[in-house]
Amino acid sequence: MKKWWLLLLAGLLTALVSFAVTYRIQQARKPDQFTWMKQEFALTDAQVAEIEKLHRAYEPICAEHCRKIADARGRLSTLHTKPNESSSELAEAQRVWENLRRECDEATRGHLQSVAAVMSPPEGKRFLDLVGPKLTSNPHTGAVPLR
Amino acid sequence: MSMNRPDSLSVLLKSWKHDPPDEPQFNQQVWSRVQRSSSVPVHPTSRYLLPLAASVALLLSGVAGTTVAIALQSSARNDKMATAYAKSIDPLQRSLTVHVHAH
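Same order as they appear, the protein sequences are chains A and B. Numbering of the first sequence is given in our numbering, commencing with residue 1 and proceeding in unit increments. Numbering of the second sequence is given in our numbering, commencing with residue 1001 and proceeding in unit increments.
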């Protein structure tokens, strides 16, 4: 009977030690974006190259959207701090902001879809399910504050 | 109790004499019993199966611990990487970071 208790204890200890060691090793691994995508979504080198190309093409679009958002946000903030400003100007700034949000959202989702399309269909779906909910326009992530 | 009074047990032990019956085969009988006990085959279960089962159980424990750690880390890393990726392609999130950092 004592032998069985010892075996149980040794088994628990082994499981605990292997868990701790593996967890520590895995934690130390911090892959970059493309390495993570390659490993996680079983991409070939050609698929990674294609995705990198898509990113390079998308980067200036994203940067331009960032600039426009910063401008629109600044304009709205200024109008909010000026109580005498006409409501039509504020409404116009709100409309520009909303249009910009929609435009950015469409561009981001379009890019995400393009990247997913490079992957195999099941991996692409998994990729969309994983990253899609993290985008700002997702109803669960809430609205972007203006300030 | 007085020290001078003789103990009845000591007296008895002093007077006791052991006269074992003469047994010329005694040694041979002992050795034959020893030989008989060592020639009894050990059951294969206790010789091989139990150590093997114990080794497999330990191995499985190690594999289980490793698997759980990989699964947990993989899930946490995927979530973190997906958040970082979304942030890198979402201008609304990117501009928010820039905006917050600028202040």
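Hints may contain errors.
[To be verified] EDC-like, lysine to aspartate or glutamate: derived pairs with alpha carbons at most 20 Å apart: (1) A:K38 to A:E52; (2) A:K134 to B:D1007; (3) A:K82 to A:D71; (4) B:K1080 to A:D71; (5) A:K38 to B:D1022; (6) A:K68 to A:D129; (7) B:K1017 to B:D1007; (8) A:K134 to A:D32; (9) A:K82 to A:E64; (10) B:K1087 to A:D105; (11) B:K1080 to A:E50; (12) A:K2 to A:E50; (13) B:K1087 to A:E106; (14) A:K30 to B:D1007; (15) B:K1017 to A:E123; (16) A:K125 to A:E64; (17) A:K125 to A:D71; (18) B:K1087 to A:E103; (19) A:K125 to A:E52; (20) A:K68 to A:E52; (21) B:K1080 to A:E106; (22) B:K1087 to A:E92; (23) A:K134 to A:E92; (24) B:K1080 to A:D129; (25) A:K38 to A:E123; (26) B:K1087 to A:E59; (27) B:K1087 to A:D129; (28) B:K1087 to A:E40; (29) B:K1087 to A:E64; (30) A:K125 to B:D1007; (31) A:K30 to A:E40.
[What the hints assert, rightly or not] Below, a sample of chain B positions facing chain A; criterion: calculated Cβ distance under 8 Å: (32) P1006; (33) L1009; (34) V1034; (35) P1051; (36) G1065.
[Said to hold, decoys possible] Restraint-style ranges between C-beta atoms, simulated for each label pair: (37) B:L1059 to A:R67: 55 to 61 Å; (38) A:R126 to B:P1041: 54 to 60 Å; (39) B:L1060 to A:D45: 46 to 52 Å.
Simulated from the structure, these hints should not be mistaken for lab results. Here a beta-carbon is modelled for each residue, glycine too, at the ideal position from N, C-alpha and C.
Tested hints:
1. Restraint check for K38 of chain A and E52 of chain A: satisfied, since their Cα atoms lie roughly 11 Å apart, inside the 20 Å limit.
2. Taking the CA atoms of K134 of chain A and D1007 of chain B, the gap is about 96 Å. The hint is violated against a cut of 20 Å.
3. Straight-line distance between C-alpha atoms of K82 of chain A and D71 of chain A comes to about 17 Å, which keeps the hinted pair within the 20 Å bound.
4. Taken as a hint, the K1080 of chain B and D71 of chain A pair is broken in the structure, with Cα atoms around 30 Å apart against an allowance of 20 Å.
5. At roughly 90 Å between alpha-carbon atoms, K38 of chain A and D1022 of chain B are farther apart than 20 Å, so this suggested pair is violated.
6. The suggested pairing of K68 of chain A with D129 of chain A is violated, with an alpha-carbon distance near 28 Å, which exceeds 20 Å.
7. Of the supplied pair hints, the one linking K1017 of chain B and D1007 of chain B holds, its CA atoms being roughly 18 Å apart against a limit of 20 Å.
8. About 18 Å separates the Cα atoms of K134 of chain A and D32 of chain A, which keeps this hinted pair within 20 Å; it holds.
9. Distance restraint check for K82 of chain A and E64 of chain A: the Cα-Cα separation of roughly 27 Å exceeds the 20 Å cut-off, and the hinted pair is therefore not satisfied.
10. At most 20 Å may separate the alpha-carbon atoms for a hinted pair to count; K1087 of chain B and D105 of chain A meet this at roughly 13 Å.
11. Among the hinted pairs, K1080 of chain B with E50 of chain A is inconsistent with the structure: their alpha-carbon atoms are about 23 Å apart, more than 20 Å.
12. Distance hint between K2 of chain A and E50 of chain A is unfulfilled; the C-alpha atoms sit about 61 Å from each other, more than 20 Å.
13. Pair hint K1087 of chain B plus E106 of chain A holds up; C-alpha atoms about 15 Å apart against a cutoff of 20 Å.
14. Of the pairs offered as hints, the one joining K30 of chain A and D1007 of chain B is violated, with about 86 Å between alpha carbons and a cut-off of 20 Å exceeded.
15. This hinted pair does not check out: K1017 of chain B and E123 of chain A have alpha carbons roughly 94 Å apart, beyond 20 Å.
16. Proposed proximity of K125 of chain A and E64 of chain A is contradicted: the alpha carbons are some 28 Å apart, above 20 Å.
17. The suggested pairing of K125 of chain A with D71 of chain A is violated, with an alpha-carbon distance near 35 Å, which exceeds 20 Å.
18. About 17 Å separates the Cα atoms of K1087 of chain B and E103 of chain A, which keeps this hinted pair within 20 Å; it holds.
19. Only pairs whose Cα atoms come within 20 Å are accepted, and K125 of chain A paired with E52 of chain A is accepted, the gap being roughly 19 Å.
20. Simply put, K68 of chain A and E52 of chain A have alpha-carbon atoms about 25 Å apart, too far for the 20 Å limit, and the pair is violated.
21. Restraint check for K1080 of chain B and E106 of chain A: the C-alpha separation of about 23 Å exceeds 20 Å, so the hint is violated.
22. Proximity of K1087 of chain B to E92 of chain A is assessed by CA-CA distance (about 28 Å); at most 20 Å being required, the pair is judged violated.
23. For the hint linking K134 of chain A to E92 of chain A, the alpha-carbon distance of about 29 Å lies beyond 20 Å, and the restraint is violated.
24. Between K1080 of chain B and D129 of chain A the alpha-carbon distance is near 14 Å, which keeps this suggested pair within the 20 Å criterion.
25. At roughly 11 Å between alpha-carbon atoms, K38 of chain A and E123 of chain A fall within 20 Å of each other, so this suggested pair holds.
26. Between the alpha carbons of K1087 of chain B and E59 of chain A the distance comes to roughly 13 Å, so the proposed pair stays at or under 20 Å and holds.
27. Distance restraint check for K1087 of chain B and D129 of chain A: the Cα-Cα separation of roughly 15 Å lies within the 20 Å cut-off, and the hinted pair is therefore satisfied.
28. In summary, the hint linking K1087 of chain B to E40 of chain A is supported, as the alpha carbons are separated by about 18 Å, within the 20 Å threshold.
29. Proposed proximity of K1087 of chain B and E64 of chain A is supported: the alpha carbons are some 15 Å apart, at most 20 Å.
30. Among the hinted pairs, K125 of chain A with D1007 of chain B is inconsistent with the structure: their alpha-carbon atoms are about 98 Å apart, more than 20 Å.
31. Among the hinted pairs, K30 of chain A with E40 of chain A is consistent with the structure: their alpha-carbon atoms are about 13 Å apart, no more than 20 Å.
32. Interface hint status for P1006 of chain B: violated, as the beta-carbon distance to the closest one in chain A is roughly 49 Å, over 8 Å.
33. The beta carbon of L1009 of chain B comes no nearer than 40 Å to any beta carbon in chain A, farther than 8 Å, and the hint placing it at the interface is violated.
34. Checking V1034 of chain B against chain A: minimum C-beta separation of about 27 Å lies over 8 Å; hint violated.
35. Residue-level restraint check for P1051 of chain B is violated (minimum Cβ-Cβ distance to chain A is 10 Å; threshold 8 Å).
36. The interface hint given for G1065 of chain B holds, since its Cβ lies 4 Å from the closest Cβ of chain A, which is under the 8 Å cut-off.
37. Separation of L1059 of chain B from R67 of chain A is about 58 Å and conforms to the stated range, judged on CB atoms against 55 to 61 Å.
38. Range check, R126 of chain A to P1041 of chain B: about 58 Å between beta-carbon atoms, so the 54 to 60 Å window is met.
39. Our hint of 46 to 52 Å for L1060 of chain B and D45 of chain A is violated, since their Cβ atoms are close to 37 Å apart.
Hint check: violations occur at hints 2, 4, 5, 6, 9, 11, 12, 14, 15, 16, 17, 20, 21, 22, 23, 30, 32, 33, 34, 35, 39; the rest are consistent with the structure.
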